[in-house]
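Chains A and B are the protein sequences, given in the same order. Read in this note's numbering, the first sequence has 291 at position 240, and its numbers run on one by one without any break. Read in this note's numbering, the second sequence has 350 at position 211, and its numbers run on one by one without any break.
Calculated directly from the structure, the hints in this document are not laboratory data. Watch out, some of these pointers could steer you wrong.
Said to hold, decoys possible - Across the chosen pairs, the derived CB separations fall in these ranges: (1) Gln398(B) to Thr224(A): 34 to 42 Å; (2) Thr224(A) to Leu819(B): 28 to 36 Å; (3) Leu104(A) to Leu539(B): 24 to 32 Å; (4) Glu246(B) to Lys111(A): 51 to 59 Å; (5) Val897(B) to Lys192(A): 34 to 42 Å; (6) Val897(B) to His257(A): 34 to 42 Å; (7) Lys111(A) to Val897(B): 51 to 59 Å; (8) Ala142(A) to Thr609(B): 36 to 44 Å; (9) Val219(A) to Arg930(B): 30 to 38 Å; (10) Ser121(A) to Asn241(B): 47 to 55 Å; (11) Leu692(B) to Arg223(A): 24 to 32 Å; (12) Ala444(B) to Pro333(A): 13 to 21 Å.
As the list claims (entries may be wrong) - Listed next, the stretches of chain B that the computed footprint assigns to chain A, with coverage defined by at least 3 CB atoms under 8 Å from CB atoms of chain A: (13) 211-218; (14) 564-577; (15) 729-739.
Backbone N, C-alpha and C fix where the C-beta goes; we use that ideal spot for every residue, glycine too.
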Amino acid sequence: MKKNFFILLLLLLAMYSEAQIRVLTPADITKGIFCDKQRFRIAYDMSFVKDTLRSNKPVKESMILEIGSSVSLFYSYAAFHSDSIYADDIAKGLSQSAINEHLNNSGVGQISWKLYKNYPQKGLSSLLDGLGMERYCCIEKMQMPDWNVCPDSTAMILGYNCRMATAVYKGRTWCAWYAEDIPVGEGPWKLCGLPGLILRAYDSQHQYVFEASGMEQIKDNADLRYKGEKFEPIERKALDKLYARYYADPVGYITNNPNIKVTITDANGNPTAKPKAVPYNPIER
Amino acid sequence: MRFIVILCFVVLCAFPASAQVAIRGVVTDSVSNVPLEMATVTLLRNSKPILFARTDAQGRFTLSLKGIQKGDKLSASYLGYAKAAVTLDDRRSVVFRLRPENFTLKEVTIRAGRIYGKQDTISYDLSRFADNRDNNLKDVLRKLPGVDVDKDGTISYNGKAINRFTVEGLDLTGGRYNLINENLKAKDVATAEIIEHDQPIKALQKKITTDNVAMNVKLKPEARDKWIFTLSPLLKVGTPIDNFNVGGRFNALQIGKKQQSLYGVEADRTGRDLSLSNKQLTSDMGTSLEPDTGLPQCYDTPALAAPIDAERLRFNTSQSWNVNKTFKTKDEKEIKWMAGYMHSSTRQSTTNCSRYYLNTDKQTETTQSKDFRLLEDRLFLNLNSEINTDKSYGSESFLLEASQSDGHSDYQKANDSFLHERIKIPLINISNQFYKLMTYEHYTLSVRSLLRFAHSPSSLNVDGDKETRTANGWYTDNSLTWLNKLGFFTQSYSVGVNAEDVSLHGGNQFFSCYFSPYWEYKRSSLTARIGGMMQWKRFPEQGNSFIDTCPWLSLNMKSGYHHEYSFYGQYRESAGDWMSFLLPAYRKDYRTMFISDGVVPRTKILFAKVEHTYKRPLNEFFWNSSASFQQIGQNVMTDMQINGGQYLYHVTQQNNHSRMTQASSILSKGFFNLHLKTKLAAKYCLTDAVQSSEGTLLNYQNRQIIVEPQLIFSPSWAEVDYSGTFAWTKSRVKQVSSLATLFDCSQRLMLTRTIGAVDISVLAVHYHNELQLSPAANMLIMDASLVWRTRKVRFEVNARNLFNKQRYERTTYSGVSSLTDSYILRPREVLFKMQFTF
């Protein structure tokens, strides 16, 4: 594993509102620790609003929910795709320019976090995320939303009859449609605990919307692996502070490391100001 | 009292009305009777779910509801079992025994095209930043963690200058990347990447670790293959308003994946160093541990002395032209040609007073007052062809450089007359480099060959007394390398021959063969490298042969999340340095003579360095510290004699040692809530060496402590940037004298305020220099600037040296001397600049 070999993809400062700086480091291409066998894989389309002042321009991302017998993993497909390409290219010993080419074509995704439910043990969840070059793992007690079922609701999603339930959870009012005929109490992000699999979920302001777009039953004994073994443990409060810190002044955050000097200039090499208060709309409020 | 009783009664009566019914039960497996945990039990009313609960580890559940209606059903479900439902009736306790049943998910295939998640990361909205300052590639690059861009444009990563700069995978300018950085707009750039441990040779990837760093820039599709023109005229007004000067810059840039071109022309009279646009900022990857040092020269190339920002001291008229073109042919070959020409005329006026502490009773002093004019012409042509596949690599590079430095100096003599000195150094340098690498099943083999020819008829003219020294030189270096990697271990062995022929004073050559092994062990947190070189070198004319050994060791270890340690040690032996023994005697400049005993110098260097990095990003704290030690032993010494203002240097055989110890530490802490970032760097350096004068050996010691604080305060309405350098220098010549501690400090404060599309900034720089001969010199220089950005044009007004300071003075300690220099500064000027892009 090349600990010193990493690619930094910088998406322009001007694109802060839409894009994300994602740094790929060797910690991202680890094989991971085995934690469960996969039983189902559900694909979701996640659409979320980054800038609450411009809520008519949500960002879309494909997400995957891997469901095992007890552990589940929710992650961005685009990020997974680019991580796999990166790992593959490194293993093949491709040149840097070929790797850059592949990554540029695939994109690196907007969602850098991965959520493991019931890992490292039942009742705990692990959130893996990275800011700049640091990698963090936040282990918290899993809190199931306190759902209220709406008996008169019906919807047909992906050929399944679904019922709706609502809950006030982590600062938002969530509506979730679950499939009664899929008795798996799982769903996207931290939403779970319903009698069936959640196929559609959104908050009351439609700032976060999850819509299942496909599902698959795993027959090839695939593993569910934990990829955060090299990530630094962090408390929830500290992580929230870091997010707030990062988005308020991304350049300042990166340059806390004195080896990093940042000067922003305009098109012709003349110094200008640094970006402040990049829009940030966390899923937990 | 009665009221409370009634109230309690009413409250108590209220309870039975909300009759909470609890329904309990267990859910088990019907075959094994094992209780099922996390099974779901739902209350259905008219086939609609009302309430649900999950079973605990013992399979038990409890449902609390207001009331049971007729027809209410209870249903239990669990993955891998058939659903079961019972009508509740009057039961309050239910036991479910679920029958195992295979669950088959009705699979849904995702609609093709969506799953590949092609993120549209290129869509952005500039209107959000309409009132923000635009970006330029040079400074976007500075945002990359660890990236630094120097004044001369060199990009460094974590303190290491990058070795390769490419745009869209092609190296357009062959390492002269300043031009690209100043002309490529940030809005046209999609990604910029830093590649550490860069190995541009595809066939060597993953086989050999390098410490090279590379940078690659990719453009957005719409910016590719289109011409980008930049025109920036400039008007300079001197104050009082007496002279006007016009200058400017024009560039045409086109970047594509298969072809790139860059054409530029610039004229300047504001102090800019135009040679930077043609300056090669990357270093070549070579295998020879003794690289080509160039043709030996008798005279020092005349140059501008710049202790502070060179732009404040340079009085110039310059122009530069350059052409760069690169393209990829069908068979993946990359061909590029680059050419450039620069002409510059620079003036400078300086005075110098040097004191030498050679013996206890008297101090020797020399003074110099110099008016200097330098005419520089530089032309270069570079042709390059490269083929880079996974299995092989080949590169062929041809370089032609023709330059002339013509320095005219007028020195004021004691009787107010002038002495005129002219040093003219024309130089033609032609070199060709060839490199070929082939991969076989278990190893790779590479061949490298360099051939260089240089010719330089230099001359020194002192008041009509002219002396010409023509130097011709051939240099060649050829090597063969075998490399193999197995698991975590890499090994490589090189053998080579190199030779040089110099005709300066008759014919002189050296001839050497060398062998260089290298081993590398690399795991996830530890990298260990050992290498070395053994060389046999012969100087036929002098009849000397030497065997040099140069082993080195490097270790790097990462421990936990926060610590990183590294160690580097090297021992190096070398022989030769033409100018120390080639010529028995020659005149170096108007007051310096150089004589030599003809002994071939032999040098032995021992060097060790340890480094530690500690970081806690959560607390915004970083700490980097390092210490190094170096000892140099030589068999020759340069004896210095000064008589009546004339210098005589004599290189004689004399064993001597010099030592240097350095320690440095950088601390950085951020305070997010206060919008504050602070940094403190401290460095200590101790040098112990010997100077010989008229046969007497003088031991001297030089100590220096430098402290550099830095503070950035950036609330939303402004930015305040402060940085300071405080230096204490102490020098001691043993048995002779101890010099006073010099305290010098320079501080820089910059305030910026943006209102709409206008930026106003003020810069104040303060220098405090303690001088040997007079009281301390204090100088405050102020600049102000105003920038107005519109969509197509950028206007800038720059006022420099507002207080019209004339002169900068400072003293430095060097060896057994203390030198005091004084420089004339550029006067107060106002510059008007406009920039168009189309």
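Right, here's what the structure says about each hint:
{"no.": "1", "hint": "Gln398(B) to Thr224(A): 34 to 42 Å", "in the structure": "violated, 56 Å"}
{"no.": "2", "hint": "Thr224(A) to Leu819(B): 28 to 36 Å", "in the structure": "violated, 49 Å"}
{"no.": "3", "hint": "Leu104(A) to Leu539(B): 24 to 32 Å", "in the structure": "violated, 59 Å"}
{"no.": "4", "hint": "Glu246(B) to Lys111(A): 51 to 59 Å", "in the structure": "violated, 23 Å"}
{"no.": "5", "hint": "Val897(B) to Lys192(A): 34 to 42 Å", "in the structure": "violated, 53 Å"}
{"no.": "6", "hint": "Val897(B) to His257(A): 34 to 42 Å", "in the structure": "holds, 40 Å"}
{"no.": "7", "hint": "Lys111(A) to Val897(B): 51 to 59 Å", "in the structure": "violated, 38 Å"}
{"no.": "8", "hint": "Ala142(A) to Thr609(B): 36 to 44 Å", "in the structure": "violated, 58 Å"}
{"no.": "9", "hint": "Val219(A) to Arg930(B): 30 to 38 Å", "in the structure": "violated, 47 Å"}
{"no.": "10", "hint": "Ser121(A) to Asn241(B): 47 to 55 Å", "in the structure": "violated, 19 Å"}
{"no.": "11", "hint": "Leu692(B) to Arg223(A): 24 to 32 Å", "in the structure": "violated, 57 Å"}
{"no.": "12", "hint": "Ala444(B) to Pro333(A): 13 to 21 Å", "in the structure": "violated, 56 Å"}
{"no.": "13", "hint": "211-218", "in the structure": "holds (count 3)"}
{"no.": "14", "hint": "564-577", "in the structure": "violated (count 0)"}
{"no.": "15", "hint": "729-739", "in the structure": "violated (count 0)"}
Checked against the numbered hints listed earlier, the structure breaks hints 1, 2, 3, 4, 5, 7, 8, 9, 10, 11, 12, 14, 15; every other hint is satisfied.
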